[in-house]
Amino acid sequence: AQTVTQSQPEMSVQEAETVTLSCTYDTSESDYYLFWYKQPPSRQMILVIRQEAYKQQNATENRFSVNFQKAAKSFSLKISDSQLGDAAMYFCAYRSANTGNQFYFGTGTSLTVIP
Amino acid sequence: EAGVTQFPSHSVIEKGQTVTLRCDPISGHDNLYWYRRVMGKEIKFLLHFVKESKQDESGMPNNRFLAERTGGTYSTLKVQPAELEDSGVYFCATSTSGRARVTEQFFGPGTRLTVL
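Protein sequences appear in the order of chains B and A. The numbers in the first sequence follow our numbering, run straight up by one, and end at 115. The numbers in the second sequence follow our numbering, run straight up by one, and end at 1116.
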């Protein structure tokens, strides 16, 4: 079974600085998708960014970018110019391209943004 | 457009009681998923509906959990009888059945269930 590991339960960053959240995963598949979801306090999870495994180029969405290392099975999220609204729980997720639609999630990283 | 909604937001019950959680999907979303997060652990898949049919229920913990999706619209997840280890946050997510290679799952705010 696929597993997703987020080794940083908590992280903090100064406002306007850059922070990187780590995520590794284990799979024997070659075609899959990776996601970062954000859950602000008392609010629902929203998609931050996604990456298709067959694409070598790292995905970017404004201040959010990923470092996708397929051989190392690593999928880190970089948040640049951190803002107070970035404070949230961040979940890394994996989905197979071939064997079902379920997501496999990590345990989450709680990000605090310090003013 | 309304997002995925879940009811109730919180539920506190005693061991042995029954609780029913409800999820209302985004209109037109054929796929509906239930997930659960136990405190401090990963979010785990429970099951997947395509319209009213159960596509995959491999993540359901045991037969105390019953999920339904009548008419392919809203879904309910009933726990009967509830046990202490059922405590956690139950998330519902929905997605379209589009032709896109990657379909995003839209999550509800979750129901926090506490079993005493």
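Where hints are given, some of them may not hold.
What the hints assert, rightly or not - Counterexamples of contact, computed for chain B against chain A with all Cβ distances above 10 Å: (1) Val13; (2) Ala16; (3) Thr18; (4) Glu29; (5) Arg43; (6) Gln44; (7) Met45; (8) Leu47; (9) Phe64; (10) Gln69; (11) Lys73; (12) Asp86; (13) Asn101; (14) Val113.
To be verified - Under the rule of at most 30 Å between Cα atoms (straight-line distance), these lysine-lysine pairs were calculated in the BS3-like manner: (15) A:Lys1041 <-> A:Lys1054; (16) A:Lys1044 <-> B:Lys78; (17) A:Lys1044 <-> B:Lys55; (18) A:Lys1078 <-> A:Lys1054; (19) A:Lys1015 <-> B:Lys70; (20) B:Lys78 <-> A:Lys1054; (21) A:Lys1015 <-> A:Lys1044; (22) A:Lys1041 <-> A:Lys1015; (23) A:Lys1044 <-> B:Lys73; (24) A:Lys1041 <-> B:Lys73; (25) B:Lys70 <-> A:Lys1041.
Hints were generated in silico from the structure; no laboratory data involved. Idealized CB from N, CA, C, for every residue including glycine.
Taking the hints in turn, this is what the structure says about them:
1. At roughly 22 Å from the closest C-beta of chain A, the C-beta of Val13 of chain B stays outside 10 Å, upholding its exclusion from the interface.
2. With 10 Å as the threshold on Cβ separation, the claim that Ala16 of chain B sits away from chain A holds: the shortest Cβ distance comes to roughly 29 Å.
3. Separation of Thr18 of chain B from chain A is adequate, the least Cβ-Cβ distance of about 26 Å exceeding the 10 Å criterion.
4. No Cβ of chain A approaches the Cβ of Glu29 of chain B within 10 Å, the least distance being about 15 Å, so the stated non-interface status holds.
5. Distance to chain A contradicts Arg43 of chain B as a non-interface residue, since its nearest Cβ pair spans about 7 Å, not more than 10 Å.
6. With a least beta-carbon separation of about 4 Å from chain A, Gln44 of chain B fails to lie farther than 10 Å from that chain, contradicting its non-interface assignment.
7. The beta carbon of Met45 of chain B sits about 4 Å from the closest Cβ of chain A, which is not more than 10 Å, so the claim that it is off the interface is violated.
8. Taking the minimum C-beta to C-beta distance to chain A, about 5 Å, the non-interface status of Leu47 of chain B is violated against the 10 Å cut.
9. Non-interface call for Phe64 of chain B relative to chain A: holds, since the shortest CB-CB distance, roughly 15 Å, exceeds 10 Å.
10. Non-interface call for Gln69 of chain B relative to chain A: holds, since the shortest CB-CB distance, roughly 20 Å, exceeds 10 Å.
11. The claim that Lys73 of chain B lies off the interface holds: its Cβ sits roughly 16 Å from the closest Cβ of chain A, which is beyond the 10 Å cut-off.
12. Separation of Asp86 of chain B from chain A is adequate, the least Cβ-Cβ distance of about 18 Å exceeding the 10 Å criterion.
13. With a cut of 10 Å on Cβ distances, Asn101 of chain B falls inside the contact zone with chain A, its closest approach being about 6 Å.
14. Remark: the non-interface label on Val113 of chain B is consistent with the geometry, its nearest Cβ contact in chain A lying 22 Å away (cut-off 10 Å).
15. The hinted pair formed by Lys1041 of chain A and Lys1054 of chain A meets the criterion: a straight-line CA distance of about 25 Å does not exceed 30 Å.
16. Between Lys1044 of chain A and Lys78 of chain B the CA atoms are separated by roughly 25 Å; this keeps the pair inside 30 Å, and the hint holds.
17. At most 30 Å may separate the alpha-carbon atoms for a hinted pair to count; Lys1044 of chain A and Lys55 of chain B meet this at roughly 27 Å.
18. Annotation: proposed proximity of Lys1078 of chain A to Lys1054 of chain A holds, straight-line Cα distance about 15 Å (limit 30 Å).
19. A distance of roughly 45 Å separates the Cα atoms of Lys1015 of chain A and Lys70 of chain B; the hinted pair therefore is violated under the 30 Å criterion.
20. A hinted pair counts as satisfied when its Cα atoms are at most 30 Å apart, and Lys78 of chain B with Lys1054 of chain A does not qualify at roughly 37 Å.
21. Proposed proximity of Lys1015 of chain A and Lys1044 of chain A is supported: the alpha carbons are some 22 Å apart, at most 30 Å.
22. Note on Lys1041 of chain A and Lys1015 of chain A: the hinted pairing holds, with a Cα-Cα distance of about 22 Å set against a maximum of 30 Å.
23. A C-alpha spacing of about 20 Å is found between Lys1044 of chain A and Lys73 of chain B, which places the hinted pair at or below 30 Å, so the restraint holds.
24. Restraint check: the Cα-Cα separation between Lys1041 of chain A and Lys73 of chain B comes to about 21 Å, which is no more than 30 Å; the hinted pair holds.
25. With a CA separation close to 25 Å, the supplied pair Lys70 of chain B and Lys1041 of chain A stays within the 30 Å bound.
In this structure, the hints that do not hold are numbers 5, 6, 7, 8, 13, 19, 20, in rising order.
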